[in-house]
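Protein chains: 4
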Amino acid sequence: MNIFANLSPLDHRYHASDPELWRELSAVLSEEAYIGYQMRVEWALVQALENRNISPKGSAAEVHRACQRITPADVRAEEEITRHNVRALVNCIQREVSEEVRPFIHLTATSVDILDTARALQLRDAVDKVLLPRMEEFLRVLIDLAQKTADVPMVGRTHGQHGVPITFGFAMSEYVSRLGGRIEKIKEAKDNLRGKMAGAVGAYNASSLLFENPQDFEREVLALLGLKPGDHSTQIVEPEYVLDLMHALTSAFGVLANFADDMRHLQRTELSEVGEAFEEGQVGSSTMPHKRNPWNYEHVKSMWKAFMPRMMTVYMDQISEHQRDLTNSASARFVTEIVAALTMAVQRLTKVTKKLAVDKEQMLKNLELNAGLIVAEPLYILLAAHGHPDAHEAVRKLTLEAEKTGRSVVEIAQESPELSPYLAKFTPEQTKIISDPLTYTGQAAAKCKEICAVHLEKITKL
Amino acid sequence: MNIFANLSPLDHRYHASDPELWRELSAVLSEEAYIGYQMRVEWALVQALENRNISPKGSAAEVHRACQRITPADVRAEEEITRHNVRALVNCIQREVSEEVRPFIHLTATSVDILDTARALQLRDAVDKVLLPRMEEFLRVLIDLAQKTADVPMVGRTHGQHGVPITFGFAMSEYVSRLGGRIEKIKEAKDNLRGKMAGAVGAYNASSLLFENPQDFEREVLALLGLKPGDHSTQIVEPEYVLDLMHALTSAFGVLANFADDMRHLQRTELSEVGEAFEEGQVGSSTMPHKRNPWNYEHVKSMWKAFMPRMMTVYMDQISEHQRDLTNSASARFVTEIVAALTMAVQRLTKVTKKLAVDKEQMLKNLELNAGLIVAEPLYILLAAHGHPDAHEAVRKLTLEAEKTGRSVVEIAQESPELSPYLAKFTPEQTKIISDPLTYTGQAAAKCKEICAVHLEKITKL
Amino acid sequence: MNIFANLSPLDHRYHASDPELWRELSAVLSEEAYIGYQMRVEWALVQALENRNISPKGSAAEVHRACQRITPADVRAEEEITRHNVRALVNCIQREVSEEVRPFIHLTATSVDILDTARALQLRDAVDKVLLPRMEEFLRVLIDLAQKTADVPMVGRTHGQHGVPITFGFAMSEYVSRLGGRIEKIKEAKDNLRGKMAGAVGAYNASSLLFENPQDFEREVLALLGLKPGDHSTQIVEPEYVLDLMHALTSAFGVLANFADDMRHLQRTELSEVGEAFEEGQVGSSTMPHKRNPWNYEHVKSMWKAFMPRMMTVYMDQISEHQRDLTNSASARFVTEIVAALTMAVQRLTKVTKKLAVDKEQMLKNLELNAGLIVAEPLYILLAAHGHPDAHEAVRKLTLEAEKTGRSVVEIAQESPELSPYLAKFTPEQTKIISDPLTYTGQAAAKCKEICAVHLEKITKL
Amino acid sequence: MNIFANLSPLDHRYHASDPELWRELSAVLSEEAYIGYQMRVEWALVQALENRNISPKGSAAEVHRACQRITPADVRAEEEITRHNVRALVNCIQREVSEEVRPFIHLTATSVDILDTARALQLRDAVDKVLLPRMEEFLRVLIDLAQKTADVPMVGRTHGQHGVPITFGFAMSEYVSRLGGRIEKIKEAKDNLRGKMAGAVGAYNASSLLFENPQDFEREVLALLGLKPGDHSTQIVEPEYVLDLMHALTSAFGVLANFADDMRHLQRTELSEVGEAFEEGQVGSSTMPHKRNPWNYEHVKSMWKAFMPRMMTVYMDQISEHQRDLTNSASARFVTEIVAALTMAVQRLTKVTKKLAVDKEQMLKNLELNAGLIVAEPLYILLAAHGHPDAHEAVRKLTLEAEKTGRSVVEIAQESPELSPYLAKFTPEQTKIISDPLTYTGQAAAKCKEICAVHLEKITKL
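Chains as they are written, first to last, in our numbering: chain A, 1 to 462; chain B, 1 to 462; chain C, 1 to 462; chain D, 1 to 462.
Please note that the accuracy of each hint is not assured.
Simulated DEER-style distance windows between Cβ atoms [unchecked claim]:
no.: 1; chain 1: B; residue 1: Asp151; chain 2: C; residue 2: Thr431; range: 48 to 54 Å
no.: 2; chain 1: A; residue 1: Gly387; chain 2: D; residue 2: Ala77; range: 57 to 63 Å
no.: 3; chain 1: D; residue 1: Ala77; chain 2: C; residue 2: Lys351; range: 51 to 57 Å
no.: 4; chain 1: C; residue 1: Leu438; chain 2: D; residue 2: Lys57; range: 35 to 41 Å
no.: 5; chain 1: D; residue 1: Gly226; chain 2: C; residue 2: Asn53; range: 57 to 63 Å
In short, the hints are calculated from the structure, not lab data.
Cβ coordinates follow ideal geometry from the N, Cα and C atoms, glycine included.
Let the sequences and hints guide you as you build the complete structure.
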């Protein structure tokens, strides 16, 4: 199989870069897998008919065996004739079962009963079996990193400017918290995926011919697959179930992209606070032999740019005329790519973040660059708390003078007849922070540990 | 005030078309309202400081009085000097309070503590006070319409083609269900909006100078405003709380757009199943005096096109470098427009749908167009259920012959030596449906009533 | 090769549905093809070095032979070590050439010189060889259809409501004009794709070591590939060249989607003015054997929904920090999918539109539905032109009365003492149109023929 | 007028921050301005009718005078009755003219003839009078900045990592080139805006009643407004003319956003190569008195995030059913906001960039950080050019050793028995660059000057 002939980067370059992951994704998200899920739904339908003594005893087992013999290529060949993918599948199954069982294949169902239910199964499994385990692994990596560095001081940056100190673990705990939150959203939306067995326009027209309570029958079929029916169906399941899942996935991707962006920037030559580990033989630039680029983090940000806008498609697919137009036929197929791309991104982040080099010395060095100015905030707060009527302005002027003269803010303040009386009121702890502003990290370490503990417990429970 | 000089259609054309609604929206979503919410947060902060005996007794009351005197124009004038909107507000408040209280204004807070918390309040109020009551009113209108037409037969349409029959009420109950679901999502997301009082980089650096447990202090301030703190903050609240709300709103907008689209299409000249009521004097076309256009439903679809893509902005705003860059400064301001536009759309739909004319005769006439063919589905199902091994194909050929000869499908079937033995096995109910396919509406009426009952109870509970 | 194991619908379902087209697309847009274009650039570089007597005589020929031996799998294997795709390619080439030639492989180039130039070649060829011939074929199909139906009357529809008459050819000529215009935009943007050979940061640092005028050298290398250099480069070519092409493609996709949407709606059961031809054995619905769905047109609209939002990615890729960040590494790879999807859509439209059934009788029947009302517009215009001071209002009232009484607008007008004097002033041609409003088609036929002639000439010239 | 009560940030906060610019924008882009343009089109129509002796002599002058008396509030009041904005306007004009002229108001036109033509005028004027002069002023500022700093060395950065040297002027010339290119695109698209006077469905049905060649009449009316007709019209002008303009604007916005992003990053504390000038009294942070944030550049990036996604709306508006649905009624109104926002962004950039502080010393300091490693690229190129068979690998190892030992790359190379023979072959110029890698700026200065000269000439010509 020459994967390099494929059109989609997912099926050539990103297949080649991690064949094992690609295979796992293919097992749930490929067309082959999708047809497999469709057969599973057709099988469950006959099982329920058999349970109700409508189809002959043993018919479900017969269908099960039949399905194991059918290949995607068989279905495709049949579709060349029918120009209808589900009819093609039904024909294939019918060909493989006895004449007695044949009429009961697909009975009461419309194509989309099979397709939408199969899509729910496929997405559920992709999330459960492939995505979530990796997300949780990555969350563990982040928790581990945050816990280990909970007390490592670094400068907090807002607007790209030095603000006041935090710790590296605190910065990492942001992503523990946000990603942990998104994992819950994903689970919630995944558990709310729904199927249907409500027929051509959702009104159970066909199944009403056979059953007094066709909604009960729908529940029975879907229960065999571990699903519930949607609250209302037309020809299709209400689109909001899948939409909510895609929102959960896309917003999780946004958190990963933000993390990747931060890691990129912390690797800037002038910052150099973290580094992607380099393999022996790895090349940073084809022409600049000295370069070492944060290419894995760049890749993840880039994948987000490629996949985030696809939410627009999912939002557009909310609109379907009357009991359904088919203008979501192709577009809805591509949602599986969102799951695949997100999983690839998580996998990549896990690998590279596990080996992330954290340069504590450089963090301290950067922090010290403006140590003299960092004192501005606590000084202003303490002056105000001790009653100075215009502390912010007073300190703003101090910092300008400090910049001009090269002296420290505290020094100037202590010599000021206006300010020194307030300084005298400071508690020893307060004075200590003013004297050593690098300790001005507030609850950074504590909050980091608290968040890590919360999310570690949540994961462990699962 | 010459509103027609404004740049935004929200502030000229859509202001003019419903001034009362515009005023209600302005009261929560305008810049004036936003500054009001900011003052409320500054006030709560001083209240909490007073409760802890840090600021003097009576300081909160003093701040409250001060805030009542401050206008947006005052703040703006001050901002011309400070080039910083929150500092401008703080200066304005400080000018209006006694020298004793002055230092405690804004103490320990960073600007975004005020801004993000005020944004949460503003969005919460806009949803609670302006949007949700209108959404629920519209839901009632839909429920009422669905209940009244639960038994009105119409053709179910898929791919724009006649399928099998439903009832108009069933078609309406789709929107009862989907909109009802979205209302719950909106409430959930609205109740999960969060504030912060965690300082410049989220690590409680400043408040740690004054309090042993600054997270408790944060909870106290926010409790005064009816909010909880975010799980983790940098300079900003985690963006996912607002993002989830915007997703809920945008996906609700999608449901409305789908409804509007259906109403548009049902008004097509050839369908004419429903109609927007026309006022005396109303003009359909400036040149075609006979035209009556579904312009309100077109408008709602069009507003969705204008506002749905703005989700991209909200997704982009998930990314903020380090402890925050400010590249969401402007973009985050525009999210309030999404709330306004959605509210306007709901209001419009309520007005026009209340007076919707439903033409039962036309529905029946359209349904009868293909009555002879509609029988195809139940016939196929019943043949199969009674054991015909290839019923779908048999009926497909019947319909082709019916088309050619102009005879009815049932007639041809009854004369067929191959099919008539199966027809003989049909139950009386089954035979009845075959003879009168317009009764082939399945659970349409029942499902419609069930859904209406569920959602009516939910609304009534609130 | 089990294509059904692939993740992307482009590489499974849409591969299977047209393998021949897929192969043509793969030949220019796959990873294999991309690596081929990269080798072509490396070869052109050595050719230019040889032309300037920097690399030995025969070195270009040697590189050419080497490239024919290198497979994508070789490059991939090497990339496993280098973690850098272009360095991997360079290593592969170097291994296949003599020691004398080896140092001149890639000399002065940075990776992106190769990659961006190869991307320009790839996109140029994909547009020239695969997309444009199909677009022009489809344009011919449309012209042919428009010309054949230039005089077939149908009702003009605005807001889904009957307006005044046009001809079907006129409706088709809309798409001749818009698609013809987009084809020109595509050509223009394709001809403006650019390459670069300006080195690591675009300042010709490396090539300045060897050449007095490195911009001349860049022009020489690119001329060998039929390209020009970008106006300014950093590490990358200015992103606007590709962006403009993607805009041209996406906006052409929008025209196709609009056409597809119209064809869908004209196939609505109640309209039935056109039809997709059905193959023997084709199935419309798995459960409704009588259904015939406009699934090809639905598919094209759906593909547009899947691909249009990807423009957001291309707009985001305009932003790259300093002399380049790499956050377009993955996202820029996916632009090739836009070309592939658009080509597939055009191909599909050509096939189905070639066999489009146009039902003139049904068009006439629909037109006649409101023939009595259509007269409203010409009557108003003529009354006004002959001096009636309030013709629009007068006719609006006439139509209301006509609706109520079931009589024709003209009849009522002729009996009106207020209006009949104006009617008397009408010219014979004017009176004729009032009497036979179905002839009120204006310039529909003439404009249709004019547009077809213009675009036929443009295509024929090429 | 309490602008702070408005809903849109464009009409409150960004109005307040630059009232003069807001007024200029309002004069072309507000609803009031739009109605003015509509009257101008109605006037031109009567002028053309008068020129053809259909309406009485003096009728155009009468309409002109009438229009000067009509206010937006008048039209709005009338619309309350007609529920149709253009009919309302026509009624208003008719009320203000003599009975003889009355019938000729709007004669042969459909509403959209007026609206789409007025939109083209409005967009043309907004671009010509408000946007382009500011864009060109900003381009001059950039050219001036680039020319003044053409020779100022700085490090070239790729992946956020130091690469090889450039000059600051070269970095600025990127934006001269890209913005200059976008200005041309904007002009081209603006000059290609079109009007129509083709009636209700675009087939000149109404005007064919009066004119033998109604296309000539259309050209005459539009010529009075300086416009040409679209190639084909339905009820609306082909949407691609406006779409292409919006693409040109949005892609120009992308260039500005990239520039703003670079300026942000160059202001990072650790880089500090440029700075926004601070006003006396300006506050960087409400709590950190020492902060100075790049808030203007952040603002521009943020505005881009708010407005770029709106292109999706414009792409969606390409689709309109049959001869037009009205689902672009609201969405198309919002495109004017794109023009307004882009103009505001340009204005902001001009102000702040004019006063940009460029810190040459800091640039040099940053450049020197890795001077020892920068030599890697020229050394590799020269070794290869002089025949070393594996120069890239050799230099990669040198850099690793240099990193380990702290010695310079050149030093180690010179002592290497393997490399020193190649070094001996270097020309004096080549040796000079190796010894002083800070001079390794290639064509940076020359290219910068060349680009500035090209664009200065283009602007000057206009």
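Evaluation of the provided hints:
| no. | hint | in the structure |
| --- | --- | --- |
| 1 | B:Asp151 - C:Thr431: 48 to 54 Å | holds (51 Å) |
| 2 | A:Gly387 - D:Ala77: 57 to 63 Å | holds (60 Å) |
| 3 | D:Ala77 - C:Lys351: 51 to 57 Å | holds (55 Å) |
| 4 | C:Leu438 - D:Lys57: 35 to 41 Å | holds (37 Å) |
| 5 | D:Gly226 - C:Asn53: 57 to 63 Å | holds (58 Å) |
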